[in-house]
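**Q** This is what each chain is made of:
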Amino acid sequence: MAEATDLSGVYRAIRVLGQQLGTQIDEVGASVGVVHHDLALTSDELKRLREEFNEFVMQAEKTANVQQSETRVVALKAEMDRQFGHYAVVRRTSTGILQAFDVGNVSNQVVTQVSEELMIQTPRYWLAPVLVALAAWSRDDQDMAEKSVREAYSRDPSKTSLLFTLVLRRQGRAEAATRWLQHYLTSLDPRALGREFAVVLEAVSYDAFGVHGQQILIHKMHEWAKVLGTGSDSFEHQARNWVGEIGMQREQLVDHEYPQLARLAPEWPTIKRLLEQASALPVTIDKYTEVANHVGMMPASLEDLMDDILDQLVTEYDKDELPLRRDVLYHSSVIEMGGDKVQARKRADQLGVALDASMDLMSMQTQAATNPELIGVSARTQRVCVGACHDAFRVAVGRFCTAYRSRLMDSTTLDFSPTHSQYAETYGFKGCRLDTAMNEQTGIGLLKQTWEDTFHDYIESVSFKDQWYTAPVSIAVVVTVVAFFIAWPAGIIVALAGTLIVAYLAKQKKDQCQAEVDKAEQARDAAMRLSLQMYRDSTAQFVDAMSLYRELDSQEADLLRLIDTWPTRDQQDEQEAI
Amino acid sequence: MPEFQRRYLNARPSLNTSVQSQTVPSQSVPPHVMRSRRRIRPPDLLDAVRAIDTTVDSAGQQALINYLHQQYEAMQVGMLIGLFSHCYLGQPYVDHRVDLAGSILEHYTATDHLPPQFDSARPLARTNAYLYIEVYQDGHVIPVRHDGTTAN
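Chains A and B, in that order, give the protein sequences.
Heads up: the first sequence begins at 1 in my numbering, then just goes up one per residue.
Heads up: the second sequence begins at 1 in my numbering, then just goes up one per residue.
This is chain A alone, in the form it adopts within the complex (with noise of 0.2 angstroms):
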């Protein structure tokens, strides 16, 4: 037999080189976890690193960005002053002497020569002949003022003239303001109307440049209106709108009014409609005849508006300066938000709208006549307005009423359901549909033939039966035999006991079933009666809101009269339509 070897210090060994294997690759691991760590640690500083350095390259850049902009600003103004700087001198200059004309202090040399002077430094400015020819017209030089208005006039038609309709009619010269107005109007573009028309077109309809202005103005903007096209789009979009404004005149129909119609018509909301959108029909006319009947005092703020378009017209900027102007207000957005240019474009193009905010003569036309207050004129110019635009508000009148009639029903369906009432509820009423265009008659002879056909079904179906019988006849009848299979007297005795408990039960069933009977019976009539007085209503009630629709609807025709009496139509212009 072989002598056994000893492993056990072996397998120590190898327990123990085990456990410290184990030991290493658990401080390998944690080795690993820290440099994991640190690498995520890294990373992450790595990202803030990086965010930071956008952050400070975008930083940098719109530093720059404002810098740049400054440096700009400043080139852009200097090239303002060095090509339109002496315009400042004539706007001030031109202030000076309108303020002087009011007064009356300054001799009529001093304005000539200061006006000869700044005519000969600033070409092509509309505003220096202008000056020269105020200095001539307060010196009665009447060859040297034509000429004066003539350059003045080639330079900048709508400004010179506008400029001597607000100067001359300031100074009492209402006849030459007039003529002025209409240089004015003719060189305007119906596409792009300035702000300070609206402010014009207020005075004149408060009768400032009297009563031949206000038919040169209503005359001219008949003239555009056919420039831009009846049938055009403009034309369709100012239509749309007054079909629109009228829309918004609706009243809204309570529901109460018509309790029974509004139950039992599905069409309920139709007819409800009609007389909703036909309702729009009277308050346009109370709306609009107070306008065209609306009298008021020229407000004092008109003068002063005006006054503030003649100072605005002296000072603003000429429109050969407007592309500099606008390439200051962009570099001054960016300097103003701090370097983004993004932002800055946004801010430089909301303001830029003021720069030149203009509108066509329809949006005009139509905003003035139906939001006045949008635009800031007076309930005098809407009438104004309204007149101008009659042809398009004429139309939408038209389609207004023809969108709503293509609705018009003769007569409606009355749905009486299972539930139109409690009784219908309860009897389980079979359901009826009846018209108002039926003979009354013939409804009335349905609605009870449904009703009798539901109390006979029901009155049938609570009524006593002989098959109640069965249930309480077998349950006797087992009970009897097995009493009999106990002891036969036992039997004899549950027989004759289970006889009377079934008759008794069956009596009581019997009168039960008869309350329940006697109870339909009772309520047939009055159940037939509510639903006929139903019927009668809602009958009644469809004629109501069809006489009250016809009466409402019958008033297109007054609201057609309104708009073609309206007191600023142009009769020159319909005069010369026929």
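If you're looking for bench data, these hints aren't it; they were derived computationally from the structure.
Where a beta carbon is used, it is the ideal one built from N, C-alpha and C, also for glycine.
Treat the hints with care, since some could be wrong.
[Said to hold, decoys possible] Under 8 angstroms between C-beta atoms, here's a sample of chain A residues computed to sit facing chain B:
| no. | residue |
| --- | --- |
| 1 | Arg263 |
| 2 | Glu267 |
| 3 | Gly398 |
| 4 | Arg399 |
| 5 | Cys401 |
| 6 | Thr402 |
| 7 | Leu408 |
| 8 | Gln555 |
| 9 | Asp558 |
Fit chain B to the supplied structure of chain A, relying on the hints for placement.
**A** Just chain B now, kept in the frame of chain A:
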């Protein structure tokens, strides 16, 4: 008088105020044709339309239809399919159609089906606001008022 009420604080009803008119042409109509369609219809033409119901002999009706056909051709209003209006012959007829091209006058009862192009004209013939309704090939439906003005 039934009660109408403005919503709170004079706010406007929130319902859609846009008008989905059924009288809008399905095809584009040249502007000069649209202008012709908007013109006031001459009194002679209106009288001829009024006379349709009161003219009993077929020769007289035919003459009226021919006259209307000529008038409309002269007005250059585009392809007019026919005229539709309320019928005053009494029960059972409620409305009628004048086919100008085919020289046909057809009366309808309330339950009769109309040619599909005339469907949108029927509710308009129920109102007495219009003398008649013109129905065009391009889908345009133009109601004509008693004074000859159009509502389109």
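**Q** A separate judgement is required for each hint: does it hold in the structure or not?
**A** We went through each hint and held it up to the structure:
no. : hint   : in the structure
1   : Arg263 : violated (16 angstroms)
2   : Glu267 : violated (12 angstroms)
3   : Gly398 : holds (3 angstroms)
4   : Arg399 : holds (5 angstroms)
5   : Cys401 : holds (6 angstroms)
6   : Thr402 : holds (5 angstroms)
7   : Leu408 : holds (5 angstroms)
8   : Gln555 : violated (10 angstroms)
9   : Asp558 : violated (12 angstroms)
In this structure, the earlier hints numbered 1, 2, 8, 9 are contradicted, and the remaining ones agree with it.
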